[in-house]
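Engineer: Throw the hints in and build the complete structure from the sequences for me.
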Amino acid sequence: MWDNNYFSGNYMSAQAPTKQIKVRYFAILREERGLDLEEISTNCETLEQLYKELSNRYRFSLEASRLAVSQNDNFAAWTDPVKHGSTIVFIPPVAGG
Amino acid sequence: MSDLDFQFEICQNKINPECLAEKLRSDKSLGGIVVFEGRVRNQSEGKKVLKLEYEAYKALAIQEGVKILDEARAKHPEIKSLICVHAEGELEPGELAVFVGAASAHRDEAFLGCRYVIEAVKHRLPIWKKETFETGEAHWVNCSEHHGAACN
Chain A
32 MWDNNYFSGN YMSAQAPTKQ IKVRYFAILR EERGLDLEEI STNCETLEQL
82 YKELSNRYRF SLEASRLAVS QNDNFAAWTD PVKHGSTIVF IPPVAGG
Chain B
247 MSDLDFQFEI CQNKINPECL AEKLRSDKSL GGIVVFEGRV RNQSEGKKVL
297 KLEYEAYKAL AIQEGVKILD EARAKHPEIK SLICVHAEGE LEPGELAVFV
347 GAASAHRDEA FLGCRYVIEA VKHRLPIWKK ETFETGEAHW VNCSEHHGAA
397 CN
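Chains as they are written, first to last, in this note's numbering: chain A, 32 to 128; chain B, 247 to 398.
For the record, the hints were derived by calculation from the structure and aren't laboratory data.
Small disclaimer: the values here were computed from a predicted structure and weren't measured.
Take the hints with a grain of salt, since some may be wrong.
[Said to hold, decoys possible] In silico BS3-like pairs for lysine-lysine, Cα to Cα no more than 27 Å straight-line:
| id | chain 1 | residue 1 | chain 2 | residue 2 |
| --- | --- | --- | --- | --- |
| 1 | A | 53 | B | 304 |
| 2 | B | 260 | B | 321 |
| 3 | A | 114 | B | 313 |
| 4 | A | 83 | B | 304 |
[Claimed, not checked] Some chain A residues close to chain B (C-beta under 7 Å, calculated; not the full set):
| id | residue |
| --- | --- |
| 5 | 75 |
| 6 | 95 |
| 7 | 125 |
The beta carbon of each residue, even a glycine, is placed where N, CA and C say it ideally should be.
Structural biologist: Following this line, the structure appears as structure tokens:
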């Protein structure tokens, strides 16, 4: 388990860089998370990884396949990179009208 | 044609459909006006509905709403005036959740434009509704196995 990189400090540099982001929650996700905005640090590379990480942590009921996602108020692809300083919104199935 | 003829809004107050329809009537060259009013129904899934709470991701909803109107205008260039206003917040049965109005010289384009906008609004705008029944049960529409809602 232990490798030399861990002790030499290279362990961290092997990870994706840590990014500071904001996540806004709406509707069912807001209720499941218990808040509407949080600032977090993450090493996730893609928006999909970020949702899976948060979903595991907070037990969200919806699969990523049922959601859309936006970054900085624009629709984004799940494979898009998480950008440092951005605001991300996971969009539950919509029900306007 | 001014930009005011194409209007998309998310509205926290009560929508006034008469005021919006009056705007559509202002250009006397437009003989065909179609208005759709989506109102909260008093029952859904066989249960009595107490209220609907609409929540919007406003920045993205407005951007997407304007895009929908632009698409409708490109598809149906005869439409000279197109208005869509969607409510946000708590609504009771009978209250207006969404207004769509289209005006053109003739009826065909007005019907088609109005229909295009309401369908796109329902499928694409980041707006959610929580339905509360008289029994006290509540759920986010489309977010569970049970789909359907007490609105249009």
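Engineer: Please go over all the hints and tell whether each is borne out by the structure.
Structural biologist: Each hint, compared with the structure:
1. A:53 / B:304: This hinted pair holds, its Cα atoms lying about 17 Å apart.
2. B:260 / B:321: 30 Å, violated
3. A:114 / B:313: 25 Å, holds
4. A:83 / B:304: Distance ~25 Å between residue 83 of chain A and residue 304 of chain B Cα, so the pair holds.
5. 75: 21 Å, violated
6. 95: 14 Å, violated
7. 125: 6 Å, holds
Of the numbered hints stated above, those contradicted by the structure are hints 2, 5, 6, listed in ascending order.
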